[in-house]
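Asker: Sequence:
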Amino acid sequence: LRRLRYIRVVIKIAPSILSADFGILAEEIARVEAAGADQIHIDVMDGRFVPNISMGFPILDAVRKRTRLPLDLHLMIENADAYLETYVRAGGTALTVHAEACPHLHRTLARIRELGARAGVALNPGTPTTALDYVLDTADLVLVMSVNPGFGGQAFIPATFAKLVDLRNRVGERPLEVSVDGGVKLEHCRPLAVRGATTLVAGSAIFTAA
Numbered sequence: 004l005r006r007l008r009y010i011r012v013v014i015k016i017a018p019s020i021l022s023a024d025f026g027i028l029a030e031e032i033a034r035v036e037a038a039g040a041d042q043i044h045i046d047v048m049d050g051r052f053v054p055n056i057s058m059g060f061p062i063l064d065a066v067r068k069r070t071r072l073p074l075d076l077h078l079m080i081e082n083a084d085a086y087l088e089t090y091v092r093a094g095g096t097a098l099t100v101h102a103e104a105c106p107h108l109h110r111t112l113a114r115i116r117e118l119g120a121r122a123g124v125a126l127n128p129g130t131p132t133t134a135l136d137y138v139l140d141t142a143d144l145v146l147v148m149s150v151n152p153g154f155g156g157q158a159f160i161p162a163t164f165a166k167l168v169d170l171r172n173r174v175g176e177r178p179l180e181v182s183v184d185g186g187v188k189l190e191h192c193r194p195l196a197v198r199g200a201t202t203l204v205a206g207s208a209i210f211t212a213a
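Quick note, the working numbering runs 3 ahead of the 1-based positions in the sequence shown.
Read the hints as simulated data drawn from the structure, not as lab findings. Just to be clear, a hint being listed does not mean it is correct.
Distance condition first, Cα-Cα at most 27 Å in a straight line; then the derived DSS-like pairs of lysine-lysine [what the hints assert, rightly or not]:
id, residue 1, residue 2
1, K166, K68
2, K68, K15
3, K166, K188
4, K15, K188
Use the sequences and the hints to build the structure in full.
Answerer: Encoded structure:
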């Protein structure tokens with residue numbers, strides 16, 4: 004994490020606990036917090052929207068009890084609306100839903116804000132930034148997926164760089180956080196920051212580092 008931070012200007016670092024050792028989860032959280040993490044990224048998967056299952060409410064509760072850092076919940080799930088209030092009450096600081104999974108995206112983002120959390124919208128690698136044209140004013144953050152969601156440890160997709168530039172042009176002067184998630188390594192950090200990323204989510208690059 005310190006190696007990632009040495010090139011940091013205004014970039015936030017969000018360790019993804021999907022890559023943590025769950026046998027010593029409390030120690031892993033303490034380690035990244037001590038190293039200066041800005042927030043904890045938690046991937047929630049339902050086995051339907053993505054081909055994996057992860058991070059139920061017991062894990063969220065355990066993480067919330069062991070850190071005061073903001074919890075960034077990445078909801079890779081269908082029917083997210085049914086769980087928004089529960090996730091906020093469980094300690095979610097920001098809730099990010101997928102544009103591809105929310106048929107009433109504007110309403111979902113507005114509801115997250117009503118509940119007192121920051122509202123985020125994620126885009127899969129194959130989803131164009133035009134999907135956000137009419138919800139940018141209702142969102143607090145945009146999460147650009149640099150891998151296809153569902154599994155940790157995937158390779159970074161280079162087309163993410165061009166997508167970030169396009170997104171930044173659409174965002175304009177809006178005070179939106181722009182996050183990148185998936186396969187982010189040390190060598191990607193500076194190019195992503197130059198193209199407008201403000202937060203980098205990293206899992207294996209942090210938790211498997213010596």
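Asker: Now look at each hint and say whether the structure bears it out.
Answerer: The hints, checked one at a time:
Annotation: proposed proximity of K166 to K68 is violated, straight-line Cα distance about 36 Å (limit 27 Å). Restraint check for K68 and K15: satisfied, since their Cα atoms lie roughly 22 Å apart, inside the 27 Å limit. The straight-line distance between the Cα atoms of K166 and K188 is roughly 18 Å, inside the 27 Å bound, and the hint therefore holds. Pair hint K15 plus K188 holds up; C-alpha atoms about 14 Å apart against a cutoff of 27 Å.
Going through the hint list in order, the structure does not satisfy hint 1, though it satisfies all others.
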